[in-house]
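**Q** Read top to bottom, the protein sequences are chains X and F. To convert a position in the first sequence, counted from 1, into the working numbering, add 34. To convert a position in the second sequence, counted from 1, into the working numbering, add 67.
None of these hints come from the bench; they were simulated from the model. The structure presented is a predicted model; accordingly, all values stated were derived computationally and were not measured. Ideal Cβ positions, reconstructed from N, Cα and C, are used throughout, including at glycine. Honestly, I wouldn't trust all of these hints.
Unchecked claim - Now the in silico label distances, taken between C-beta atoms and shown as ranges:
(1) F/261 to X/234: 36 to 42 Å
(2) F/261 to X/231: 53 to 59 Å
(3) F/83 to X/226: 34 to 40 Å
Unchecked claim - Derived coverage of chain F by chain X (criterion: at least 3 residues anywhere in the stretch with Cβ under 8 Å from a Cβ of chain X; other residues may be distant):
(4) 112 to 124
(5) 135 to 142
(6) 255 to 266
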Amino acid sequence: MIRKAHTFLSFRSTSWSARRLQAWLSVASVALLLLLFAIGALWAAGQPIVTALTLRNLPPSAAYWFGTDWLGRDMLIRTLQGLQLSLQVGLAAGIMSAAIATLLGVLAASGKWADRVVSWLIDLFLSMPHLVLLILISFILGGGVQGVLFGVALTHWPSLARVIRAETLQLRQAEFIQVSRRMGNNWLWIGWHHMLPHLLPQLLVGTLLIIPHAILHEAGVTFLGMGLSAQQPAIGIILAESMRYLSTGMWWLALFPGLSLLIIVRCFDRLGHTLQRWTDPHRARN
Amino acid sequence: MLLEARDVSFRYDRREDWLLQRANLRIEAGEIVGLTGPSGIGKSTLARLLAGYRKPQQGEVRLAGKPLPSSGYQPVQLVLQHPEKAVNPRWRIRRILREGWQVDAELRHMLGIAEQWLDRWPNELSGGELQRICVARALGPGTQFLLADEMTTMLDAVTQAQIWNAVCEIAEARRMGMLVISHDAHLLGRLCNRIVDIDTI
Chain X
35 MIRKAHTFLS FRSTSWSARR LQAWLSVASV ALLLLLFAIG ALWAAGQPIV TALTLRNLPP
95 SAAYWFGTDW LGRDMLIRTL QGLQLSLQVG LAAGIMSAAI ATLLGVLAAS GKWADRVVSW
155 LIDLFLSMPH LVLLILISFI LGGGVQGVLF GVALTHWPSL ARVIRAETLQ LRQAEFIQVS
215 RRMGNNWLWI GWHHMLPHLL PQLLVGTLLI IPHAILHEAG VTFLGMGLSA QQPAIGIILA
275 ESMRYLSTGM WWLALFPGLS LLIIVRCFDR LGHTLQRWTD PHRARN
Chain F
68 MLLEARDVSF RYDRREDWLL QRANLRIEAG EIVGLTGPSG IGKSTLARLL AGYRKPQQGE
128 VRLAGKPLPS SGYQPVQLVL QHPEKAVNPR WRIRRILREG WQVDAELRHM LGIAEQWLDR
188 WPNELSGGEL QRICVARALG PGTQFLLADE MTTMLDAVTQ AQIWNAVCEI AEARRMGMLV
248 ISHDAHLLGR LCNRIVDIDT I
């Protein structure tokens, strides 16, 4: 009996450590990519974008890794600067979105009427296509960084809000929370000591998973011309411009910036999902 | 000191039938009352009402003639059947024991709580070990009534005996009143001054 229990335990711990190694590798590779990007972005930020008409339309080479465009600008520098801007807007919008989600989620769990109002809002926002609403909000706010930022932030909160609401509702009914009330602790204390540690992993994962959406939508709206202005080195602008030159055979204008965007977005997605598996209470043990 | 349910009626949903209707129960200080009856007819619900987890739709719960306090450490403490649900899985045992009051070494010793458990997580203790923690936590100096809802049903006979011995000793020393809900007629017969059937109240 004891032996049996022992082998069971050791089996569990090996499979667990294998999974942990996998998670570590995944996080390490993502971190490496993001670090590489950060160094690149830092380098690119110091580089002026020079218009050199003698170097127009060059395909990728050792000197110009991503080629040059119709004005002779180095596409690598433009892409890195564009990604940096997209990332900043995406991160800011994602964090704002998560803040809205937390506020509304907790509010919904606090009372019957608040729950009705918030649930109705969530359903309303979920029933509309993201992009349409995003374009609308961005347009109303006059476009630009501000328009896109608020547009993305105001459209990406509902699914996380729903998770936070459900978690909080469940926690309020949990026996250990009720016992804590009977031990003389007030809701504020319980919220901080009991609930927040349970919500934090959900929040972190939720925020990380919003960010890739936010980046893509920022790029998408900009691509459609409703987002960041044409003077800014946004990735959406680069992609939109490259469309005009694709038919003339300048494939590198779209391929490299598009691929870079995809990799960055995947990095965040991967990070979020790894963290999600990590914080799953059934698998993780602190 | 008297804990009483006066004509309490309760249902979980307005569309449902009454689970409890005009139920009355009195527990004196120092008295151990057994509550028995078939499953699903409101024994646990009555205990929850008495401990203030829920408010009855009709009637009232009174402690020494007054309503239960709305804040602060509750003089009526309830210990439930599943200890693993009654503790925060992300807290260490030491912190759990400290939540309501500073559980002293004497009580820990009486309940057989070992020193090395204190730095563990709840999922590293067995059900019996964890239930001792929950009992200790509920036995603060402010506790005047202890309600035990199938408190030791899931535990083995030795653990059961040890926990009940300790609890009864403390109850007697402090003149604490107790309500013991159980299906185990033998256990109720050993522990209680009187046994009440839920159908008769």
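**Q** Give a verdict on every hint.
**A** Against the structure, the hints come out as follows:
A hinted range of 36 to 42 Å for the beta carbons of residue 261 of chain F and residue 234 of chain X is inconsistent with their spacing of about 49 Å. Range check, residue 261 of chain F to residue 231 of chain X: about 44 Å between beta-carbon atoms, so the 53 to 59 Å window is missed. Checking the proposed 34 to 40 Å range against residue 83 of chain F and residue 226 of chain X shows it holds: the Cβ atoms sit about 36 Å from each other. Here's how the region 112 to 124 of chain F fares: 3 of its residues keep a CB closer than 8 Å to some CB of chain X, so the rule of at least three is met and the hint holds.
For the region 135 to 142 of chain F, the stated coverage by chain X is satisfied: 4 residues place a CB nearer than 8 Å to a CB of that chain, which reaches the threshold of 3. A count of 0 residues in the region 255 to 266 of chain F with a Cβ less than 8 Å from any Cβ of chain X is obtained; the coverage claim is therefore unmet, three being the minimum.
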